[in-house]
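J.: Each chain, written out:
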Amino acid sequence: MYARTSATVAEYFTRARAAFLVGVSPSALLLLGMFLVALVIAPWLLNDYLITVLIVVLYFAFTGQAWNIMMGFAGQLSLGHAIYAGLGAYIAAVIFKRFGIAPWIGFLTAIPVVAACGATIGFLAFRFRVAGVYFAILTIAFAEFARIGFDHFDYVNASAGLFLPVAQYAQNDLWHLRGNPRMFYYVILVAAAVAFVICRALLQSRIGYFWLAIREDEEAARAAGINSFRYKMAAVIISAVITSFAGVFYAFFYNNLFPEQVFSISRSIEMILGPIIGGIGTLFGPILGAFVLTGLAELLNAAMAAVGVDIPGAKQVFYGICLLLVVVALPEGVWPWLSRRLGLTGRRR
Amino acid sequence: MANGGLSEPGLRPVPIDVYLNVAVAGILTGLVYGLMALGLSVIFGVVRVVNFAHGEMMSIAMYLTVFLFSGLGLDPLVMLVPIAAVLFVFGYALQSGLINPFIARPEHSQFLLLVAIALIIVNTLLIVFGPDARTVQTSYALDSFQLGALIVDATKLYAGAAAILVATLLFAFFRFAPVGKAIRACADNYTGALVVGLDVKRLYALTFGIGCACVGAAGVMMTLIVDVTPMIGPAYTLLAFVIVITGGLGSMAGALLGGLLIGLTEALAGLLFTPSAKSMFAFAILVVVLLLRPQGILGKRLI
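Heads up: the sequence lines are chains A and B, in that order. Residue numbering for the first sequence follows my numbering, beginning at 30 and increasing consecutively. Residue numbering for the second sequence follows my numbering, beginning at 46 and increasing consecutively.
FYI, nobody ran anything at the bench for these hints, they're computed from the structure. Some clues are possibly wrong.
Derived coverage of chain A by chain B (criterion: at least 3 residues anywhere in the stretch with Cβ under 8 Å from a Cβ of chain B; other residues may be distant) [what the hints assert, rightly or not]: (1) 157-164; (2) 167-178; (3) 238-244; (4) 335-342.
Where is the CB? At the ideal position from N, CA and C, for every residue including glycine.
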């Protein structure tokens, strides 16, 4: 009996692995492998500034991947993802600061809270047929509600902001997420890789196909017997929980949290720019988008620094122009176009 | 007379006439909110595009007002029509240049286009005018009218009256003017409008222009009531959405009603709790409306 079970389990894994790699061309796999190796060795070749830039890139690749589950896979436009990151950040930071409990436990604590928050928004929206633009507004409204609420929440220092003791560069304490940029780099790299694998696995599974069906035509999906309410709820909750880890990371990397920033609309918009520019619903879109956007923004910063001017808002104008150009010229995003150019079209979703 | 007990709430039970004064002030502000939301509603009702840059357009109008007031000493009430006209041109150009090609695109695509426009507007204003709050100090800024126990700020009264005037003109335009009727025809039946030979693209551009003119007029009057910073754009976009969804997206009367409701709620919430938390109550109303009547109080009718 046991032997049979273990054989079944082994077989399941073999089949799962086969399914996981199905349709991946060898050249694509090779490129992906080289890309990953480059990312792994990068921090040993770069200075702290460039490592920090790469951390930002991977952070947005991670959040973009999480947001993409909702919009790219299930077709639900959320413009309030800052609420999930913000809740994760505040919960982990508060219990670390007040009780000295490690952020990993903090993340586990945040999971049920964030899942409940996502479920509430999802329930309100999907039960009462709040769809499309209305749904997007509802998500913003919740994020704004949280922003104003936290601004008046004295336990977390309200609008004065919550500060964590600044990280010690000397020793890396992975358990308490205190360390130098290189440690943070590997944390977010692993997180982004895990998010990528999760998204790939989700897309290859039943739920992934159900999501795509709902995204393409919800009525038809329902007619085919898919419980669209349940799967849309699943999309919101999974996306919310993954996003909340980004918040935990953010809190411990930057060591300060202000409701005004953490929950602001611009934070939500920053999260969604990467996947939109890269390509909504693709697996590499969020990664490519994060690289393109952060890379160009850093170049802009460097250019402004070289000229000796500091214009607040210039970066956002630049983001706006990028978004405008992509939406007008490449509505599918950059990745589908690029993958066709590279002959990797099999990867498109 | 102008500061009749409004400044120290919370010490003793607040007298009833304070509530009344605050409620009236809230309703007058709500009328301006309503006019702003009316623009959004008209655009959505006809063009079926959600103007995510609505509050940002209002902040353009507000900065124009502040700029002309401090530079040339022009009174905001005098500039109502010219600035609305400027915003009309802006909206017309935006629709015919950028948005018309997006009419057949998916909803989220249109939405993102306007998010991009909003980002550009907010931060261009930030670059040009800086982050500090600007204000218009008219000669009548501190005047007030007294009617029994009721004390009404002159600025709010003028703003509310102007909002009613503009909204009435708009209703009349859509009801009686041939172009207004043609626009309604586009809203009712796109294909039908094409068949009878209406230039739908131009009418869409006109509609977007009219919606922007509304929000421009609202912006001029809003400078009488609040300070302007670049960052108020997104906040008012959100507020306009809350109002329009509360009243019923696509319903003109609903937008005005929603504006009144939200204005009143904000004013009373500011008195009973703390002014900085007043928007929370607007969002709470939004959630309640979405739960009980997702199409909004006055339903989802076309104009």
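J.: Confirm or reject the coverage of the stretch 167-178 of chain A by chain B under the rule of 3 or more residues with a beta carbon closer than 8 Å to the chain's beta carbons.
T.: holds (count 8)
J.: Can you tell me if the stretch 335-342 of chain A counts as covered by chain B, using C-beta to C-beta distances under 8 Å and a minimum of three residues?
T.: holds (count 3)
J.: At least three residues with a C-beta closer than 8 Å to a C-beta of chain B: is that true for the stretch 238-244 of chain A?
T.: violated (count 0)
J.: If you count the residues of the stretch 157-164 of chain A with a beta-carbon closer than 8 Å to a beta-carbon of chain B, do you get 3 or more?
T.: Answer holds; 6 residues pass the 8 Å Cβ test.
Of the numbered hints listed earlier, the single one contradicted by the structure is hint 3.
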